[in-house]
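S.K.: What follows is each chain in one-letter form.
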Amino acid sequence: MANIKRSPWLLHYDGSSCNGCDIEVLAALTPVYDAERFGVMNTGDPMQADIFLITGGINAQNQATVKQLYDQMPRPKVVVAVGVCACTGGIFKDCYNILGGADTTIPVDIYVPGCAARPQAIIDGVVQAVELFQQRSDEHDALVKQNKEGREK
Amino acid sequence: MGKRSVIPFGPQHPVLPEPIHLDLVIEDERVIEAIPSVGFVHRGLESLVDKRDFNQMTYVAERTCGICSFQHGMGYCEAVEHIFDVDIPIRAKFLRTIWAELGRMHSHLLWLGLLADAFGYENLFYQAWRIREKVLDMIEMTTGARLIFSVNKVGGVIKDITADQLRIIDGTVTEVEAELRDLEQVFLEDSTVKSRLVGIGILTKEQAHDLGCCGPVARASGISCDMRRLGYAAYSMLDLEPVVATEGDCFARCKCRLYEVYQSVDLIRQAITKMPKEQELAVPVKGNPNGEYFMRLEQPRGEAYYYVKGSGKPFIDRLRIRTPTFANLPGLCEMLKNTELSDVGLLVVTIDPCISCTER
Amino acid sequence: MTNLGLKNEIREIPVENLLNEVLVLKKQGMRLSQACAAYINEKFELSYSFSDDAAYELINLRVVIDPQTQVPSITELIPQAVFYENEMKEIFGVKIEMISLDYENKLYRIKQTAPLGPKQETEVKA
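For the protein sequence lines, the chains are C, Y and D, in the order given. Take the numbering used here: the last position of the first sequence gets the number 153, and nothing is skipped along the way. Take the numbering used here: the last position of the second sequence gets the number 513, and nothing is skipped along the way. Take the numbering used here: the last position of the third sequence gets the number 639, and nothing is skipped along the way.
It is worth saying that the hints were derived from the structure and are not from the lab. On a predicted model such as this, the values are computed, not experimentally measured, just so you know. All C-beta atoms, glycine included, are put in the ideal place defined by N, C-alpha and C. Honestly, I wouldn't trust all of these hints.
Claimed, not checked - Pulled a few chain Y residues facing chain C out of the computed Cβ check, cut under 7 Å:
| hint | residue |
| --- | --- |
| 1 | Arg196 |
| 2 | Ser200 |
| 3 | Ile220 |
| 4 | Ile301 |
| 5 | Gly444 |
| 6 | Tyr446 |
Bound conformation, chain C alone (with noise of 0.2 Å):
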């Protein structure tokens, strides 16, 4: 399995951000700037999503949600928090409602920063994700395949 080279599913959720980085994600996906010739594609699905681009800040409402959406992607995963919202609060971090970046709730890998973060930025982070995606699938096989021998010794 070692020679595969995986296409990894994006997912995609707003946390609470002002929809700016959100439009950008969407942007960079569709063809002029094209994510997609990368390998990744777009899905709605966290069961079936390898990484998750997670956009503005967390609130108390809907941490119980990204916790969720996070637990049901399969393992290995990647997440990106895309903007500076979701990386360290921005401009809101002083809102009583705002927790604080991503990284509050989940572990975050990779943080693209912008106020909007930029389509050529968000490709730069997704890229990236791709690469360590990879690195984390080609360990997961290593340590499954080591189990297996384990076992049939």
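Starting from the known structure of chain C, fit chains Y and D onto it as the hints suggest.
M.R.: Okay, now just chains Y and D, sitting in the frame of chain C:
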């Protein structure tokens, strides 16, 4: 009579770019009642008035929503300018108008794309978004950013549009108009599109009035109400007639928004020809706001309210933003009654929901 | 075109007259376009904005009350006011009675009680 059950819709759903949750009470395949529950995007932005002074609040107001961000900033600035009772330079008014209309164009093109996506016409979705990128390029050329462009300040604007850039804008809006004429044939003539839109989710004029709908949702039901006629920014110097349809169904809402893009193109052309030459871009504003004002303006999604109250301190007492989607939510609940479950996603999209605005 | 929307007034009324005034404006064919609360100088200032679609007039009814005063809900007259009233109740802690669809402070589901209301009541919900 069939069996009643409750189906949750959202917050994470393929047709929704943003999270909203609806509890749909259904009987067989028919929706009896819809109860929305919001709060997934609630940040509490209005509480920041204690921590940011009235100049800094411009940038917070802009981040209410990433799509109509310019208009949010403009609404807040105009409200504060009313309290100060200052008159901003005419050129700044025209510049605000041009950016506001470019914002409206990209918002409506975005919506047309999302609508196409909601009824499963992916090709049309991509075409609408391809045209939209041209509008964003114009915005980026003049302001340096694509969505949140922060060119407003209390007392005017901070950037000018040069004569060369105005020529490019003039040419590009003509291109956009021509390309949209091609797409219009698909949106308004294609039988597959019509079969999904005509006669679905009808909102009568009386219902729209009673439920307090605004913007394209109200205009598609025959209410001729467009806050741009109040004449804020430079709209008092431009000719404009509200785009009104009478059917009140999804098709009428689609038609209204489509024609409003042409209207915006027309307004931008008018603004370019009527704009005065070189002038300063902002007037200095001294002191702190003392007083209160209700500012109304027409956003891509409808009328928005900005209530600012200050008491002579750098930190204002209260900023209230009432966004159009908030006013259209009761209309949406009414539209959803007695529709097929499969149309729910489409109907939610046709009010052009901007949840980030709604919950602030 | 420039003579539109000149009327933009704030009309202060006592809380007992609220329902009456709302009914009068409703019968005149005006539309409730906004309602909000503000907590300024230890008083609640409630604003109900009514606008007219033909002449673009705007009339704001202003009720100034103590935080403990009960306010009648206008949802019996104007059902679409539920979201505005629930918002006032949850974020400011305005005591509004008999809202037709009361979310019981669960509209936004925020952790704090009345974050923008009187400070001494601010505490984290269990």
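S.K.: All the hints need checking, so say for each whether the structure fits it.
M.R.: Cross-check of the supplied hints:
| no. | hint | verdict |
| --- | --- | --- |
| 1 | Arg196 | holds, 5 Å |
| 2 | Ser200 | holds, 5 Å |
| 3 | Ile220 | holds, 6 Å |
| 4 | Ile301 | holds, 5 Å |
| 5 | Gly444 | violated, 26 Å |
| 6 | Tyr446 | violated, 24 Å |
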